[in-house]
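Peer 1: Letter by letter, the chains look like this.
Protein chains: 2
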Amino acid sequence: MRLSRYFLPVLKENPAEAQIVSHRYMLRAGMIKQQAAGIYSWLPLGYRVLKRIEEIVHQEQIRAGHIPLLMPTLQSADLWRESGRYDAYGPEMLRFKDRHDREMLFGPTNEEMITDIFRAHVSSYKDLPLTLYHIQWKFRDEMRPRFGVMRGREFLMKDGYNFDVDRDAAIHAYNRHMVSYLRTYERMGLTAIPMRADSGPIGGEDTHEFLVLASTGESEVFYDDRVTSLRLGQRDIDYDNRAQVAEVCKEFTTLYARTDETHDQAVFDQIPEAHRKSARGIEVGQIFYFGTKYSDAMGASVVTADGSKVPVEMGSHGIGVSRLLGAIIEASHDEKGIIWPEGVTPFPVGIVNLKRGDSAADAACEGLYKALAAKGLEALYDDRDERAGAKFATMDLIGLPWRITVGPRGLANGVVELTSRRTGESEEMSPEAAVDRVAQIYAGR
Amino acid sequence: MRLSRYFLPVLKENPAEAQIVSHRYMLRAGMIKQQAAGIYSWLPLGYRVLKRIEEIVHQEQIRAGHIPLLMPTLQSADLWRESGRYDAYGPEMLRFKDRHDREMLFGPTNEEMITDIFRAHVSSYKDLPLTLYHIQWKFRDEMRPRFGVMRGREFLMKDGYNFDVDRDAAIHAYNRHMVSYLRTYERMGLTAIPMRADSGPIGGEDTHEFLVLASTGESEVFYDDRVTSLRLGQRDIDYDNRAQVAEVCKEFTTLYARTDETHDQAVFDQIPEAHRKSARGIEVGQIFYFGTKYSDAMGASVVTADGSKVPVEMGSHGIGVSRLLGAIIEASHDEKGIIWPEGVTPFPVGIVNLKRGDSAADAACEGLYKALAAKGLEALYDDRDERAGAKFATMDLIGLPWRITVGPRGLANGVVELTSRRTGESEEMSPEAAVDRVAQIYAGR
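First to last, the protein sequences are chains A and B.
Heads up: take any position in the first sequence, counting from 1, add 9, and you land on our numbering.
Heads up: take any position in the second sequence, counting from 1, add 9, and you land on our numbering.
None of these hints come from the bench; they were simulated from the model.
Among the clues, some could well be false.
[What the hints assert, rightly or not] Straight-line distance between alpha carbons at most 20 Å, and here's what the computed SDA-like set of lysine to any residue pairs gives:
#, chain 1, residue 1, chain 2, residue 2
1, B, K379, A, D247
2, B, K259, B, D249
3, A, K60, B, D249
This structure is a prediction, so every number in the text was calculated from the model and none was measured.
Here chain A stands alone, though its shape is the one from the complex (with noise of 0.2 Å):
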């Protein structure tokens, strides 16, 4: 993308009312504008990461052997008076009845629908085990939505569902939830720590929520830190092999880590001092297994192999996409701007060209930028007739992981500036071997 026909709308200015990073640099780097308290539009440059978080979403779903479908964002309130939650539920959910005074709502969440697709279709344990998942806008009508994308009030948000034979396949599920989910937010390059949590208002017997530790959690959490540095890598996961999947769950749910709902001090103190931590931390995602609440009161059962009829065995898995945007910024970020990671940002590479005009510079970036795109890989070309100072100030900002910079002088020696935004570190080499080197950054993302 060339930046002169581009829409980036950078502001040099803090807005002010932006309290935390994360909302101050979304705003600042043009990436949303806010249309109402809690509602945003999603400028182009946000846009692209949250379409990329998205992506990688549905891959980490997929490779798990979960199926994605879309459910609409509006509901009958039919539905949710069958389970008991329209009642129940706060002023939290968005109700509004239609021209022919239908009781609608805007969806918070889905388990009523979910459920209701379910038992129309399947009615059997030969066609399970059976997960379903969407990414879909919901609505959840804040009394003060504040931190910008972190807490709106329509936000966007992956949530699936499992339909199990028994209990044993549904913590199968429940498992596999786990696995994917660190694979998810260690691909952003998030460190998200699954804690024991609180069920809520859903409901359910077993519960996880990821945790991102960052100062302006919401959550207080309580850890040994031996915990941050365990990591699922490359390592081959076969996710129909329950006993390797559950090893995996044991091997991130040992060590002591849990938010201030289920912390205990007694289990805590026994921990070596040296490992004992507390700090903030962002919900960035949260598993349940709550069993037959909804199939039993919706009436989604299944004849097993001995020709019984038994309600199914089901849970619901969320990760908040839109809010994720926030939770990475304010893992990663500096005083110059945000710093992606990347698994997940807007563009691979941005390219400076210091002298606009000059046939060389001008000829250099070009070839550079094609070259890159040759490769797959969409470099943001800051062909704007601008100072230097303002070009770099736009790049770190907006936070590519990497910079091309362009001048006459170099070029007159042969080479270009190759600058890792996360260590500020620069190298010269020869335009070719910038082109290899991102190249080989990005490969197999």
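Following the hints, put chain B in place on chain A, whose structure we already have.
Peer 2: Below, chain B without anything else, positioned relative to chain A:
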């Protein structure tokens, strides 16, 4: 995808509520489930086609130089008061109040919001031309929603908005949209004819609708039938070249083609009788040039090269993304089911194992499945323990354009069968040749 692990709830019976073939087949093929009047869940197979259509729309918009972003589904009533449309818009607009009693609405279209984004960030002609678009769920509270996704209440639409410094530039944007739409529809296997139309409630000077001929269409259309053989084909379009783009538009809009709203019988009668046709059509898109209607009302202006301040010239341009699934099926089906064009099919090819449990058949199917995957083609492999007739009926109903049939008898001679859904013709060949043929068919898509 292995069918034994997929969620494809096909129906044997024709659903009573479906009056037109696309609605009937989408329900029977397990593509959608109604959740309320005019509101649907997109089950896995339907969701795949929806995503594919979305992807083609994105690719062609980006190719034309248009920039994607994403506006929220909910909007504040205040914006619509500025344009005067809050009161003017009928009961199709879903209005409600949030918990703080603020008036909100579910966006039926986005002229106001995009103008708001523009005026907040752009003030100079140097930032033009600019075309921003999104693909987002809309809601229009139709009095009598019907025909499935063809006339739903919650529907997915691509809507794009151009901002230009003068009328000539805005007409070029209009033309760019026309050409990019032609290519979009052609890639979906559709003949969509641009027809001069009425501007309706958005208001505008110049507007064309794109209509797909189908007996179930809601509009009566009148045309010179030579217009149906025009094709954009593979020709190279430079979207910055005003003359070239205008020439293509002229080619596609010179022959008579109008809806009943703009029909002129006297002009129509001058067409040679052999070419004079009237038929029914389904509207799948519309482009508008409306000048300064919204920029005047909402104060969106730019400073020009000579220092004067002028209201920006605008247009809006829409494609009915979810509706396209219905239109494609109306245009491409037979008595056995859907016939997907290669450009939008949910899976490129199906594999039918005639004898599950036969080791040669099982191994051959696995081999085909993996060889296709290695070429980037995800087959739908019917590995269920069902009789052949049921498997063929399912494949015909869901309409994959190609099917590979694998059985012990053919394998004894080293062959499998490749069948075209459209022609019904089959050809025997080695499994390797079948993979190569399918890869060839989909090359470059």
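Peer 1: For the pair we were handed, B:K259 and B:D249, check the Cα-Cα distance against 20 Å.
Peer 2: Judged against 20 Å, a Cα distance of about 17 Å means the pair holds.
Peer 1: Could you grab the alpha-carbon distance between A:K60 and B:D249 and see if it respects the 20 Å cut-off?
Peer 2: Given pair A:K60, B:D249 is violated - Cα atoms ~27 Å apart, limit 20 Å.
Peer 1: Please work out if B:K379 and A:D247 have their alpha carbons no farther apart than 20 Å.
Peer 2: Holds. B:K379 to A:D247 sits at ~17 Å (cutoff 20 Å).
Checked against the numbered hints given earlier, this structure breaks only hint 3.
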